[in-house]
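K.L.:
So the chains spell out like this:
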Amino acid sequence: MAENVHGQSCVPRLQISGICKAFGQNVVLKGIDLSVRAGEVLALIGGNGAGKSTLMKIIMGIYTCDRGEIRIDGQVAKLGKPAASLAAGVYLVPQEPLLFPNMTVLENILMGFHEKESELKKRLSQHMQELGFQLNLQRKANTLSIAEQQLVELLRGLMRDARILILDEPTSALTFGEVQALFKVVQDLKRKGISMIYITHRLNEVFEIATDVAIMRDGVITLEGPVENFTKDMLIAGLLPQDADVQQNDRAYEPVRYSELKPVMQVKALTGYGFKDITFDLYPGEILGIAGVVGAGRTELISTIFGRDKTLSGQVILDGKDITGLPTKRVLEEGINFVPEDRHRHGLFRIRSISSNTTSALLNSVKIGRINMNRSQQKRIAKQYADDFRTKIVSLEDLIGSLSGGNQQKVVIARALSTMPKVVILDEPTRGIDAAARSDVYNIIRQLKEAGVAVLMVSSDIEEVVELADRAITVFQGRINGEFSREEITQDVLTSASFGIGQERKVRV
Amino acid sequence: MKSMLKKVFKHWEVFLLVFLVLEFVVFGAANPKFLRPQSILNSIVNYISVCIIALFVTLVMITGGIDIQAPSIIGLTSIVIGVLWSDAGMNIWVAVAIAVCIAALCGALSGFFIAYCGVQPMVVTLGGSFLYSGLALLVSGMSATPAYQGISGFPAKTEAGEFVGFRFLGKGEILGVPTQIAIYIILIALCIWILHYTKYGERLYLVGVNPQAAEYSGINTRAVIMSTYVLSAVSAALAGTLLTANINSAKYNLGSGYTLAIITAVVLGGTLNTGGKGSILGTVLASLIICILRYGLPLCFDVSTQNLDLPVGIILVLVVLGREIAGQHMLSRLFKRRG
Amino acid sequence: MKQIQSLFEARWMSSLIFLILLFLITGIADPAFLSYSNIISCFNTATMYTLLAVGIAFVIMTGEIDVSIGATLGLTAAMTGLIAQRDGSVVVMLLVVMVVGAVIGLVNGLGVAYFGVPSLIFTLGTNSVVRGLVYIMTDGRTVENFGGTIASYGNKTLFAQITVYYAIAVALVAIAHFVLTRTRKGKYFIAVGDNAGGANLVGISVLGTKILAYVLCGLFAGIGGFVFASKYGQVMTVAGNGYEMTAIAACVLGGVSLSGGLGNMVGAAIGAVIMSSISRLLVFIGLPSTYDNTITGVMLIVIVVVDALAQRRSIEMSRRKRLLSRTAENTPEGGVKA
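Residue numbers (this note's numbering), protein chains in the order written: chain A, 46 to 554; chain B, -13 to 325; chain C, 326 to 663.
No wet-lab data here; the hints were simulated from the structure. Any given hint could turn out to be false.
As the list claims (entries may be wrong) - Straight-line alpha carbon distances no greater than 30 Å define the calculated DSS-like cross-link-like pairs of lysine-lysine that follow:
id, chain 1, residue 1, chain 2, residue 2
1, A, K424, A, K412
2, B, K263, A, K412
3, A, K374, C, K646
4, A, K167, A, K229
5, C, K646, A, K355
6, A, K307, A, K229
7, A, K437, A, K467
8, C, K510, A, K166
9, A, K437, A, K424
10, A, K102, A, K237
11, C, K646, A, K229
12, B, K263, A, K424
13, A, K185, A, K161
14, C, K510, A, K102
15, A, K185, A, K102
16, A, K75, A, K277
17, A, K185, C, K510
18, A, K229, A, K166
19, A, K412, A, K437
20, A, K123, A, K75
21, A, K374, A, K467
22, A, K185, C, K646
23, A, K126, C, K510
24, A, K437, B, K263
25, A, K313, C, K510
26, A, K237, A, K161
27, A, K167, A, K185
28, A, K374, B, K263
29, C, K510, A, K167
30, A, K161, C, K510
31, A, K412, A, K428
32, A, K229, A, K102
33, A, K185, A, K237
34, B, K263, A, K428
Unchecked claim - Which stretches of chain B does chain A cover? Using the computed rule of at least three CB atoms under 8 Å from a CB of chain A, they are:
id, segment
35, 182 to 189
36, 195 to 203
Quick reminder that beta carbons are idealized off the backbone N, C-alpha and C, glycines included.
Work out the full structure, taking the sequences as your base and the hints as a guide.
P.N.:
So this is what it looks like as structure tokens:
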């Protein structure tokens, strides 16, 4: 069924060859070749930072590539801006649809066209009929569910005569029923001869709707071909680095003696928005890794523990004290601190100095003064962390916005440690920072462990979990679906569990 | 070129100071009478309400808010003092204390809606300016004195012509300096201390730069934001008290029309209206620049005293445009248009 | 049925219901209020605020603000008066006020959209400048004694006691409303305020739309100035002072969200009627007109707070629903729902 549904053309609808892209020193794409034919659904899988979104942005004309070419229907396409890509028939349905929330569905779809409205409406109803959509066009966009918003985005694309649709993790926020409805639409579009690139984290979906599959890792395609040539295990193998089996369990430091320890933090059947029935213990001096794919509910879990969202049920106990549902300020005082995933939104005070940033969590303690700011003390603390972490700075008074990502991250970590917490929660601690800074961050985390601090580390970078964690749990669709001791942690098992495979390995507490 | 401009703009206060000195040079050269210290001090006294409130609205704007209700609190304070003293027969200082408390409540109310209900500060304080000026009018209705007349006869002026007690606030002198200016200087020192030397001041900046990150640092951003509106309302009450003592008349509509002047002083002083940046010194210098301009232009260049908005407006427009262009906004915008 | 339902969901509808309720409550207090001429004159007196509110609504919808319209109204009113003193024709007056208003709007638009100065600050500056121009133009004196044709227009009624000016204002509101809701480009204003990034992606010029909004705003303020001069027959140098705040309040009451992207012209016009009727309503309820500002303030604050809380709640609910759906048991719900 995959081979050329319409059979009329051997020229691929979209052909990408030799695409390279680097941001400064950071090479993101290292020569990507891909092709999609009419009526094909190409599933594109890959971990975070594999380069999927960069590639899609190049196809959409948001970025330009350094090398390589894109052909559409055999013609070399010059895509440098979104308008050109739209004209060439490419349309991206983003993960979080970009609708006008206060406008009706109809207005949203027709916005930006230059034809007569009556004509547009006719075309629209034709599209809707063909696909069997039933959507009240007069509803406000902000009353739509995510699934419905995606339908609107799809219609927007179809109205622009898009022949290549890119769906970016369309099912990540959908319920089961909605997913089924979306699949039906994808099948219909496939029959109409529309080509699709379907980005997903869910391997089951690949076998359900894709005709072809490609796996990206570290800026290269590691595996590509018709979906029937592969099994799930083969896909997982493609997601792993080549040297995966070699570098395991060669870590030098002492294993944690769990039998002699009492847990510092206990999470009991915690349920909140985005996660359910989470139970685990955290011991002093251990690094507990939480693995899973984006959207699995890990960030929601830890930010709820940190008092950023409401707890629905369950308990969090820190050193024998119930801290469930406390506000952030109190959680901090009780001895938990946090390094957020989104450094820019939740971590940095861009136009404040490095010392201000380092000590911002100390404002509730007397360490930097009771009423007056003790500036010299503030500087001393900031200086100490900058030296300890080898943060590259000129002056402590420089704005933090002037630092590189890695150094910014070190400052944010310094802030989290400045309150001398018993538990440090790290959310994607090395996202978007260079290799040198990464190894510095790893050293900091190891030092924490040696100092007896309990570290809870959320990471989508499986290698990171393998390298650092004493224990790991995996979260899949808001629930813990695996717990692994240090001996059991391998890239293989963590990746499988993150993608929801191998659930027979039941939670053992 | 770019880096040079950047250096200059890093120290906006330097630019303002140069501007202020230039004013003295130009006005002084045009008319030597300009340089009489007494007149210069008087020019500040005439604008003291704006100067004082601008100090505290700076705090509000550093957290990313805006306060356009403060002027209505001037009138409310004034009339509350008047009615409590003249019609209720209270001690004048008790009346002042009650008026300040009422103002603080007004500020707290608006601050609550802004911080805890997430309504835009502009709208709430717009509503507040209607509400508090309306309340002032109602309070004035409780007085035996007709509203338009204003309650007068506050204590006290000795037979020797010296001002004592309440009126000392408005007309007295401390070591040859008008009391109002002395109080202004104390308030400047207080605000500099609050904003630049206390942990509370540090919180204000952090909340203004990134409220989310402030929350992650355990800062109670809502309480911080609300508190700034209380402070600015109290400052407006103080300004209202001084004004009443100065003109010996309590009226419900004192201070109306100061709204835009206050915001102008703060913005000209270099405070970002998106929050996170600004200084008390900048606001003080900008306030003085405006005072001197309003005093010097009529004296030296025959500009009508009624028409002092124009030069102030022109300076504001030029300054913000210049700052924006220097901040490369223009370049990026041109680039965007081409892309 | 659906249409009726969506009509009631419209934000301007709640403003209208609010206005009717106000009138009815006043009517209960004093049935004399509900006479035809009384109600009509509530509308007639709203003429200037209607013009200002509709003009500024364009700007507010794109997510910006304009506090210079009071001064613009003052300037154009003074110009109208000066031309009338010299026996200029009404056509000249209208042309002048419209051009002057549009030019001030253009300057605002360029400053805000092109140079990127925050709109409150920039229009604060132009407010002072324009107010200064009024003084220069009038030598700081009140412009008066310009009888003749234009003063007589002020209270001329068209039919059924509706003044000519209110009829014109209503016509302009209708046109603006039509343009905004029925034409392709008209929807750009809302789109830009709703989601500037999304607007850019579908090829809408954010810059051009914002500049146009300011030009229209100035244009309406200019016409408002003409009406002012004609109605009062004299123009003081402070004419229009503070009108910008009333116009903004009218927009807020009419359901135009100050964060942009929400609201329409009918709502703004209804808000203007509410704002200008309050003092009259108070008289009939038996409260002295000194309650005017207090009631306005309370009304404004209550409405925006309720609105903000409702919006926040709905956003929070949808976020929570989305997150909960992730952890929902993956059991087939039967059937395909699209």
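K.L.:
Taking the hints in turn, state whether each one holds.
P.N.:
Verification of the supplied hints:
Of the supplied pair hints, the one linking K424(A) and K412(A) holds, its CA atoms being roughly 12 Å apart against a limit of 30 Å. This hinted pair checks out: K263(B) and K412(A) have alpha carbons roughly 25 Å apart, not beyond 30 Å. This hinted pair checks out: K374(A) and K646(C) have alpha carbons roughly 27 Å apart, not beyond 30 Å. Annotation: proposed proximity of K167(A) to K229(A) holds, straight-line Cα distance about 23 Å (limit 30 Å).
For the given pair, K646(C) sits about 13 Å from K355(A) by alpha-carbon distance, which is consistent with the 30 Å threshold. Proximity of K307(A) to K229(A) is assessed by CA-CA distance (about 52 Å); at most 30 Å being required, the pair is judged violated. Distance check on the hinted pair: K437(A) and K467(A) sit about 27 Å apart at the alpha-carbon level, within 30 Å; holds. A C-alpha spacing of about 17 Å is found between K510(C) and K166(A), which places the hinted pair at or below 30 Å, so the restraint holds.
For the given pair, K437(A) sits about 16 Å from K424(A) by alpha-carbon distance, which is consistent with the 30 Å threshold. Distance hint between K102(A) and K237(A) is fulfilled; the C-alpha atoms sit about 25 Å from each other, no more than 30 Å. This hinted pair checks out: K646(C) and K229(A) have alpha carbons roughly 23 Å apart, not beyond 30 Å. This hinted pair checks out: K263(B) and K424(A) have alpha carbons roughly 20 Å apart, not beyond 30 Å.
Taken as a hint, the K185(A) and K161(A) pair is honoured in the structure, with Cα atoms around 22 Å apart against an allowance of 30 Å. Under the criterion of a C-alpha separation no larger than 30 Å, the hint pairing K510(C) with K102(A) is consistent with the structure, at around 28 Å. Annotation: proposed proximity of K185(A) to K102(A) holds, straight-line Cα distance about 29 Å (limit 30 Å). For the given pair, K75(A) sits about 25 Å from K277(A) by alpha-carbon distance, which is consistent with the 30 Å threshold.
Pair hint K185(A) plus K510(C) holds up; C-alpha atoms about 19 Å apart against a cutoff of 30 Å. Proximity of K229(A) to K166(A) is assessed by CA-CA distance (about 23 Å); at most 30 Å being required, the pair is judged to hold. Distance restraint check for K412(A) and K437(A): the Cα-Cα separation of roughly 25 Å lies within the 30 Å cut-off, and the hinted pair is therefore satisfied. Taking the CA atoms of K123(A) and K75(A), the gap is near 20 Å; set against the 30 Å cutoff, the hint holds.
A distance of roughly 15 Å separates the Cα atoms of K374(A) and K467(A); the hinted pair therefore holds under the 30 Å criterion. Between K185(A) and K646(C) the alpha-carbon distance is near 18 Å, which keeps this suggested pair within the 30 Å criterion. At roughly 23 Å between alpha-carbon atoms, K126(A) and K510(C) fall within 30 Å of each other, so this suggested pair holds. Annotation: proposed proximity of K437(A) to K263(B) holds, straight-line Cα distance about 25 Å (limit 30 Å).
Between K313(A) and K510(C) the CA atoms are separated by roughly 56 Å; this puts the pair beyond 30 Å, and the hint is violated. The hinted pair formed by K237(A) and K161(A) meets the criterion: a straight-line CA distance of about 25 Å does not exceed 30 Å. Taken as a hint, the K167(A) and K185(A) pair is honoured in the structure, with Cα atoms around 21 Å apart against an allowance of 30 Å. This hinted pair checks out: K374(A) and K263(B) have alpha carbons roughly 25 Å apart, not beyond 30 Å.
Using a Cα cut-off of 30 Å, the hinted pair K510(C) and K167(A) holds, with the two alpha carbons roughly 20 Å apart. For the hint linking K161(A) to K510(C), the alpha-carbon distance of about 12 Å falls within 30 Å, and the restraint holds. With a C-alpha separation of about 15 Å, the suggested pair K412(A) and K428(A) falls inside the 30 Å cut-off, and the hint holds. Restraint check for K229(A) and K102(A): the C-alpha separation of about 26 Å stays at or below 30 Å, so the hint holds.
A distance of roughly 29 Å separates the Cα atoms of K185(A) and K237(A); the hinted pair therefore holds under the 30 Å criterion. Our distance criterion of 30 Å between C-alpha atoms is met by K263(B) and K428(A), whose separation comes to about 24 Å. With a cut-off of 8 Å between beta carbons, the segment 182 to 189 of chain B has 7 residues touching chain A; three or more are needed, and the interface restraint holds. Coverage of the segment 195 to 203 of chain B by chain A holds in this model, with 8 residues showing a Cβ closer than 8 Å to a Cβ of that chain against a need of three.
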